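Protein chains in written order, with the working numbering: chain A, 1 to 313; chain B, 314 to 739; chain C, 740 to 1012.
No lab work stands behind these hints: they were computed from the structure. On a predicted model such as this, the values are computed, not experimentally measured, just so you know. Every residue gets a Cβ at the ideal spot worked out from N, C-alpha and C, and that includes glycine. Wrong hints could be hidden among the right ones.
Claimed, not checked - Taking CB as the label site, the calculated pair distances span:
{"id": "1", "chain 1": "A", "residue 1": "Leu-201", "chain 2": "C", "residue 2": "Gly-752", "range": "21 to 31 Å"}
{"id": "2", "chain 1": "B", "residue 1": "Ser-477", "chain 2": "A", "residue 2": "Asn-166", "range": "30 to 40 Å"}
{"id": "3", "chain 1": "A", "residue 1": "Ser-152", "chain 2": "C", "residue 2": "Leu-924", "range": "32 to 42 Å"}
{"id": "4", "chain 1": "A", "residue 1": "Leu-201", "chain 2": "B", "residue 2": "Thr-410", "range": "56 to 66 Å"}
{"id": "5", "chain 1": "C", "residue 1": "Leu-898", "chain 2": "A", "residue 2": "Pro-212", "range": "43 to 53 Å"}
{"id": "6", "chain 1": "C", "residue 1": "Ala-782", "chain 2": "B", "residue 2": "Asp-599", "range": "29 to 39 Å"}
As the list claims (entries may be wrong) - From the derived model, a few chain A residues whose C-beta atoms are all more than 10 Å from chain C:
{"id": "7", "residue": "Ala-18"}
{"id": "8", "residue": "Thr-19"}
{"id": "9", "residue": "Thr-59"}
{"id": "10", "residue": "His-60"}
{"id": "11", "residue": "Asp-73"}
{"id": "12", "residue": "Glu-74"}
{"id": "13", "residue": "Leu-93"}
{"id": "14", "residue": "Phe-120"}
{"id": "15", "residue": "Trp-169"}
{"id": "16", "residue": "Val-175"}
{"id": "17", "residue": "His-219"}
{"id": "18", "residue": "Leu-222"}
Claimed, not checked - Calculated from the model, a selection of chain B residues having no Cβ within reach of chain C, i.e. all distances over 10 Å:
{"id": "19", "residue": "Ala-355"}
{"id": "20", "residue": "Lys-403"}
{"id": "21", "residue": "Arg-736"}
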Amino acid sequence: MSSLSSSVARRPNADRSATIAFWAFISPALIGLTLFTLIPIGWGFLLSLSHAQNTIHFTHFVGLRNYIDLLTDEEFLRSLATIVVFAAFIVPLTYAASLGLALMVNRVATGRSFFRTVFFIPSAVSYVAASLIWRVSLFNGLSFGFANHLLSLIGLAPIVWIGTANPPWYWLVLVTVRLWLQVGFFMIIFLAGLQEIPSSLYEAAAVDGADPGWQMLRHITLPQLRNTSISVLLLSLIAAFQAFDEFYSVLGSGGSANGNISLARPPLVYLYSLALSNQDFGRGAAGGFILTGLIVAITLIQGRIVRFGEADP
Amino acid sequence: MLRSHFNHHHLCVTRRQFLRTTTAVVGGVLAGCTDSGGVPGARVTLTQWYHQYGEAGTQEAVLRYAAEYTRRYPDIAIKVVWVPGDYGTKLSTALLTAGGPDIFEDALTFPMVGASQVVPLDDLFTPEIRREFSAPDLAANTVGGKIYGVRMIDDTGLLYYRKSLLQAAGIEPPTTMDALISAAKRLSSGDRKGLFVGNDGGISALLTLAPWSAGSEFLSDNRIVFDTPRTAAAYERVRELIASGALLIGAPTDWADPSALIQGLTAMQWGGLWSYPAIYKALGDDVGVVPWPELDDQGAPVTFAGGWSQMINAQSRHIDEAKRFVRWMWLENGALAQDWALSYGFHVPPRQSIARNAAPLQSGVPAQAVRIVQQHGRLLPPIWNSAMTTALSDALTNIIQKGRPAAPEVAAAARKCERELERSLE
Amino acid sequence: MRKRLPLSFCALGLLAVLFLLPFYLIARNALMSDEQITSPHWAWLPPQPHWDNFIKLFQDPTAPMLTGLINSAFIAIVTLVLQMLISSMAGYALARIPARGRDTVFAVIVATLMIPSAVTFVPTFAVTAYLGGVNTRWGIVAPGLFSAFSIFLFRQFYLRFPEDVEEAGRLDGLGYFGIYRHLLLPNSLNILMALGVLTFIGSWNSFLWPLVIGQDPSAWTVQVVLSTFLTAQTVHLAQLFAAAGVAVAPLVLVFLLMQRYIVEGAKFSGGKE
């Protein structure tokens, strides 16, 4: 993939002018990333090794104590478990839903661009706005909530969707809001992938007597979509582990009643309250790095699973 | 009697309108100027932050006070910043670096002092002034023997009830938990429920009230002391309250807002004193108040004694001017302090001399509220932090929502709080 | 491909209705009064549309909607233009300019993608504060100008760019900058539009950073204004939904106009390499 060996002559002038050009082109981005990403990461790391309460100076060095405190904190561990379970649900669900939509949209001859637009538009809505609609209008626990209105049409009593743990209906609220917001984007990626599959493959399979539908899906479509699938799974996995907005906006009201927030608390919500409410920036940073470690580990594991898949004929 | 105090209000309105039109332009120019905060003509500009108060008229009021100060002392301008949304996050990040406010409102926490974020204000508290403030007001603002904040408004909570509905059902205003649960059950019918304590079933509202009502304390001598059977019993009764089905869950706003009571979604509501004007406007004299009932005869009725205090940023470059403003605004000036406390939301002015003489506080619900907070008001000391609240709130969520037995949850929360306390103290 | 047309079509139709449901709810609630929204008698359409909810929204002095819209638009456009410029230059350099250290730089950039922005939030604020950026326009914009994600995608795009175009340019005597400006940029329209729209949307929807950096109400963005409805103690439901509608509508518009480019651009993030 590297084009290093392309038509660049080995004259020292060319090398030097290339070097100058490289650094000239990349310096705005590099300076900016250094200032606003690399330095903060380093700073955050140093904070994670310090006792930093109500301050962002890392003068009070405590080694790995913040990390140990968090890894022995049942609530933090529970938040890690919550996000792993959440990801285990939402990632396959997102995958199946977006693939399913892509397959269906790809199939219809008329209205394809209309459907594509309809499913994709929610990506333009912010998590804050969507959580607002979900909490106040769609899944409101009183009888004027839309879901409860539908229930009343079939003669059922209103359900308190957010705010009881038995049964935990709030999961439905959380999962549907994320699906609504992100399925369209992944559907577009799948559509692009589907359109690159040469139809000759399908025709040849049809000639061989393959039954369209499940068999074609399994033996042609899915293998052809392998790279796309990997991208979709990876992106939705990383996004799922960083879930924050919908949990914070749907379960916490930001006002006087935050009791629901511990019903389903992902690590970022827990760290947010630790770092920003309690102002324990050392522990907050340490938690962030633990979460990063988890994301990297899961990404690597996913990479290995996929590699095992390569061995399959 | 109540009518007379509202005539007083009408007078205030007219005077206020006059003040508003003449100072609006001045205030607007002074308060909303350039990015960097410098105001033309003033030698010093102090930045003052408030969180977004829900009540109408509050923002105009603070701008007016700022303008008034600048009229008196023309080379000090006050730039008021009105912060919506997550005031806590914004404030705490701003205090970390230079460029934060000079003066701000907040509740004092122990680490703020430890990290030298606030300025000691003992020199403002002469013995005379000190006598003006109640013990909880001073305790809330004292760490290590020094005072760091000036209480601006005292807030408290009240159990509001609809007199007509209770009378119709033949119920007395509840004074014990038993009475409350049975009253709530009897007053629930159809779309109207008996009691509203928040959309989370009371986890936030009753977190500290329930143990207090049982006679428990949280901190004593810098030790965690709430791990007692009484606390567990109190939380279990909260669970009973929810299980009774008489609680309103899922109101459009939460308990800090009186809409649920006003719209008739509930017969009783735990609310703040700040909501009283809206409640009175909608329901008139049909509303009465009691403190949160005692758990049983070994407990006591309770409410919280909270409020907002003004503090000065230790990184401010104009600490002396800031102190002078704080003293003028809150410690010397009676009229503005009273206006702030009573004319918009309803709060008790912390200074006893004002509270004693303020007309709106002489009768009816406001007078009862003052008595309730004086007799039953409780607070958590500044060393209590939000990590401890989280631990306790998790425990209560487990007890209430997941049905776990209370005693082990309370014990686990206490252990967690002890660890947090150790961290704080080192 | 077989035509299972009716079944797919019906299923898609039903799903389309479900997906459009939240927009319907915004529109419906924004045009009703508070009592109508909370009334137990459900109305599918507002009996008399309360257009004045929007007027009241813009007149509300505590929620400066117009200022929020202007600020959001300004910030989003500036971010979009500058980020595309910076990222495309960096992507080009990483893909096409041979230099020592290039691979290291690329590895560092990719590594930063793994770290959730939540970790760096407070230190980034500290850096910005030390640079004097608090309560300034550039302070709100600056961190958003540098996106490792965009740089990565531009690099991938330029890697697939046909080499003969560059060859021709070099034969014509163009240096690296000339090639970039005259040959690459004009032909990058698809990815510029795609990433540009995504950047615009991301910037428009960002909330926490503008809240923490911007202090005057004159610096509020539309999301900050919207959040005042979430945390205000007295909530007027109709106004809240009107605000949500106003906050979402410009994006939907931009989206409808530009989605073709996003669809084109999507081919580079998921397809074969």
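Each hint, compared with the structure:
Between Leu-201/A and Gly-752/C the CB atoms are about 29 Å apart, so this pair conforms to the stated range of 21 to 31 Å. Checked against the hint of 30 to 40 Å, the pair Ser-477/B and Asn-166/A passes, with Cβ atoms roughly 35 Å apart. Range check, Ser-152/A to Leu-924/C: about 58 Å between beta-carbon atoms, so the 32 to 42 Å window is missed. The beta-carbon spacing between Leu-201/A and Thr-410/B, approximately 60 Å, falls within the hinted interval of 56 to 66 Å.
Here the CB-CB span from Leu-898/C to Pro-212/A is close to 36 Å, at odds with the stated 43 to 53 Å. Evaluation of the 29 to 39 Å hint for Ala-782/C and Asp-599/B yields a pass: the beta carbon distance comes to about 30 Å. At roughly 5 Å, the least C-beta separation between Ala-18/A and chain C is not larger than 10 Å, which violates its mark as non-interface. At the 10 Å boundary, the C-beta of Thr-19/A falls inside the reach of chain C, the nearest C-beta of that chain being 5 Å off.
With a least CB separation of 14 Å from chain C, Thr-59/A remains clear of the 10 Å interface cut-off, as annotated. Non-interface status of His-60/A relative to chain C is upheld: no Cβ of that chain comes within 10 Å, the nearest being about 16 Å off. Asp-73/A, annotated as away from the interface, keeps every beta carbon of chain C farther than 10 Å; the closest lies near 18 Å. The non-interface label for Glu-74/A is consistent with chain C: the shortest C-beta to C-beta separation is roughly 21 Å, beyond 10 Å.
No Cβ of chain C comes within 10 Å of the Cβ of Leu-93/A; the nearest lies about 14 Å off, and the non-interface call holds. Against the 10 Å criterion, Phe-120/A falls within the reach of chain C, whose nearest CB is about 6 Å from its own CB. Non-interface status of Trp-169/A relative to chain C is upheld: no Cβ of that chain comes within 10 Å, the nearest being about 18 Å off. For Val-175/A, the condition that its CB be more than 10 Å from all CB atoms of chain C holds, with the nearest at approximately 14 Å.
The Cβ of His-219/A lies farther than 10 Å from every Cβ of chain C, with a closest approach of about 15 Å, so its non-interface assignment holds. Every CB of chain C is more than 10 Å from the CB of Leu-222/A (nearest about 14 Å), matching its label as outside the interface. Distance to chain C confirms Ala-355/B as a non-interface residue, since its nearest Cβ pair spans about 17 Å, more than 10 Å. Look at Lys-403/B: its CB is around 6 Å from the nearest CB on chain C, not clear of 10 Å, so calling it non-interface is violated.
Annotated as non-interface, Arg-736/B keeps its C-beta farther than 10 Å from every C-beta of chain C; the closest such distance is 19 Å.
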